[in-house]
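Model the full assembly from the supplied sequences, consistent with the hints where possible.
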Amino acid sequence: MSVNTAQRVDLEVVADLIPPRAKVLDVGCGDGELLELLQNDKQVDGRGVEISQRGVNECVARGLFVIQGDADTDLGFYPDKGFDFVVLSQTLQATRNPREVLKHLLRIGERAIVSFPNFGHWRVRLSLLLRGRMPVTKDLPYSWYDTPNIHFCTIRDFVNLCEEVGAKVERATALDGNGKKIGVSLPWWFWNFFGQQAVFLLRR
Amino acid sequence: MEALRPAKNRDEANDPSSLVLRFGPDKPLRLDAGIQLSPFQIAYQTYGTLNEARSNAILVCHALTGDQHVANPNPVTGKPGWWEVLIGPGKIIDTDRFFVICSNVVGGCLGSTGPASINPATGKPYGLDLPVITIRDMVRAQVMLVDHFGIDRLFCVMGGSMGGMQVLEWAASYPERVFSALPIATGPRHSSQNIAFHEVGRQAVMADPDWRGGKYIEAGVRPKKGLAVARMAAHITYLSEAALHRKFGRNLQDREALTFGFDADFQIESYLRHQGMTFVDRFDANSYLYMTRAMDYFDLAADHGGLLAEAFRGIQTRFCVVSFTSDWLFPTEESRSIVHALNAAGAPVSFVEIETDRGHDAFLLDEPELFAAIRGFIASAARARGFEPA
Numbered sequence: 020m021s022v023n024t025a026q027r028v029d030l031e032v033v034a035d036l037i038p039p040r041a042k043v044l045d046v047g048c049g050d051g052e053l054l055e056l057l058q059n060d061k062q063v064d065g066r067g068v069e070i071s072q073r074g075v076n077e078c079v080a081r082g083l084f085v086i087q088g089d090a091d092t093d094l095g096f097y098p099d100k101g102f103d104f105v106v107l108s109q110t111l112q113a114t115r116n117p118r119e120v121l122k123h124l125l126r127i128g129e130r131a132i133v134s135f136p137n138f139g140h141w142r143v144r145l146s147l148l149l150r151g152r153m154p155v156t157k158d159l160p161y162s163w164y165d166t167p168n169i170h171f172c173t174i175r176d177f178v179n180l181c182e183e184v185g186a187k188v189e190r191a192t193a194l195d196g197n198g199k200k201i202g203v204s205l206p207w208w209f210w211n212f213f214g215q216q217a218v219f220l221l222r223r
Numbered sequence: 133m134e135a136l137r138p139a140k141n142r143d144e145a146n147d148p149s150s151l152v153l154r155f156g157p158d159k160p161l162r163l164d165a166g167i168q169l170s171p172f173q174i175a176y177q178t179y180g181t182l183n184e185a186r187s188n189a190i191l192v193c194h195a196l197t198g199d200q201h202v203a204n205p206n207p208v209t210g211k212p213g214w215w216e217v218l219i220g221p222g223k224i225i226d227t228d229r230f231f232v233i234c235s236n237v238v239g240g241c242l243g244s245t246g247p248a249s250i251n252p253a254t255g256k257p258y259g260l261d262l263p264v265i266t267i268r269d270m271v272r273a274q275v276m277l278v279d280h281f282g283i284d285r286l287f288c289v290m291g292g293s294m295g296g297m298q299v300l301e302w303a304a305s306y307p308e309r310v311f312s313a314l315p316i317a318t319g320p321r322h323s324s325q326n327i328a329f330h331e332v333g334r335q336a337v338m339a340d341p342d343w344r345g346g347k348y349i350e351a352g353v354r355p356k357k358g359l360a361v362a363r364m365a366a367h368i369t370y371l372s373e374a375a376l377h378r379k380f381g382r383n384l385q386d387r388e389a390l391t392f393g394f395d396a397d398f399q400i401e402s403y404l405r406h407q408g409m410t411f412v413d414r415f416d417a418n419s420y421l422y423m424t425r426a427m428d429y430f431d432l433a434a435d436h437g438g439l440l441a442e443a444f445r446g447i448q449t450r451f452c453v454v455s456f457t458s459d460w461l462f463p464t465e466e467s468r469s470i471v472h473a474l475n476a477a478g479a480p481v482s483f484v485e486i487e488t489d490r491g492h493d494a495f496l497l498d499e500p501e502l503f504a505a506i507r508g509f510i511a512s513a514a515r516a517r518g519f520e521p522a
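Protein chains in written order, with our numbering: chain A, 20 to 223; chain B, 133 to 522.
Be aware that one or more of the hints could be misleading.
Pair by pair, the computed Cβ-Cβ distance ranges are [to be verified]:
| no. | chain 1 | residue 1 | chain 2 | residue 2 | range |
| --- | --- | --- | --- | --- | --- |
| 1 | A | R150 | B | G438 | 55 to 61 Å |
| 2 | B | R517 | A | R40 | 54 to 60 Å |
| 3 | B | E373 | A | D64 | 41 to 47 Å |
Quick caveat, the hints were computed from the structure, so don't treat them as lab data.
Cβ atoms here follow ideal geometry from the backbone N, Cα and C, with glycine treated the same way.
Encoded structure:
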């Protein structure tokens, strides 16, 4: 499910939000980079869900517990409150039903951490405004017809979705292209314009 | 002198060329059918050396028509062991490192007590007088074998198909004795369609006049035709349409044109006939009835109040569940239901679905992705168990 593994600049930021020995489910865990990081540095009890066979095999070889599956169809099988944290990194925009996925994350985990590329970034806006074309940037390298990212949103859109499903935003961070945090207490509009990535810590 | 007899003429059912463990009247096998089977014996093979802590044992469970000869030439067929691609010195299941045990299941026909074994009460083969055997019975017998070695906890229990059912039963019934579990191409219960195929096979056996109500050994005959048909039908279910078509297509067998008769015009017919014929030379027809019945009766959820997750409640065993995309005998959904139950029970579980067109039998073949998954899983379990890296 992790379709943008090359761009997981958010890993450090996500990892920082998770305390030691937490029980963590990483949905769209790719090759298991985050889970391994968490397991080694924070001794978390980590599990993963990954859609690609290559990713799953890589994870199993790393000694991680990962299930080949699809966030859209398989999260329903996880019991309520089974995890302290459920992570959805760079995957939300590739799900068929982001709203349902988000609801599952909040149901399965005490807290959910969601990161995604911000479609409200100025480069994206500029591309559409000036060129009249769907943006293809370093962060979003696909053409409109072959992109796995079928449900892009902006930071503002996501905040609205959180309100809609009753999720409380405990922390939010915008990142620049190198994964660096953009000023902590800036208004949403600023993040929405200058943030390339966003990381949200949510709870029910 | 006995060991020197050519394997061909040896009565493998009663006097196997493998190791045998015999249990006297003091140690009966409690069967689900409500009977204490005694005396009884388990034929088995081991590979490698059990370490001092007795912590490096891997139990391999065989499938429907498999046997204990997992990593040595088969004494009946002369062919390599059925999982020799995987198990041996320096291989993925490294016998320089692990102590591998594989036993013939109870009800089998290669030396563990089964329908071809002599019933001590009559001096004749059991035939259908042997109670119906279940997967749980097979596992109970394996527990007695493992106890014999003084092994408290197996490092891993692994197997495919019916072997996978035994793996699940081990984990559900003896979770504290299984450090890691590797069920492959299996399910938590036998589906209606699978029972249907098995019933076709059994009816074929029983329709053969030479079956003689199960007493063919005493009559000096064997229901070869019936068993061959059973095997032919079953064999189709082990493959996939894509693989069959890739391998045989509509190719003709040693001929230029259709013969307008019922000889084996097509290669696939000839292939199936060959599969059927070679099978009857190595397998006992009654044992085939018992093995298929054991699989049919398997329903792990039903044994735990109808909820599969209950079978795994509180389990600490590390799992790796594997399925194959083209397996229509045990489709991926069956494996997924195991995984969902394990997840619900909070068990540490990985699940890999291997992309292949080779159908159910893929688990016995040289499948690189399967081997990669097994290698990774075993290596991480070994680390977790505190073994030195290989």
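Taking the hints in turn, this is what the structure says about them:
1. A:R150 with B:G438: 55 to 61 Å: holds (60 Å)
2. B:R517 with A:R40: 54 to 60 Å: With Cβ atoms ~21 Å apart, the hint is violated.
3. B:E373 with A:D64: 41 to 47 Å: Hint holds: Cβ distance 42 Å, inside 41 to 47 Å.
In the structure shown, a violation is registered for the earlier hint numbered 2 alone.
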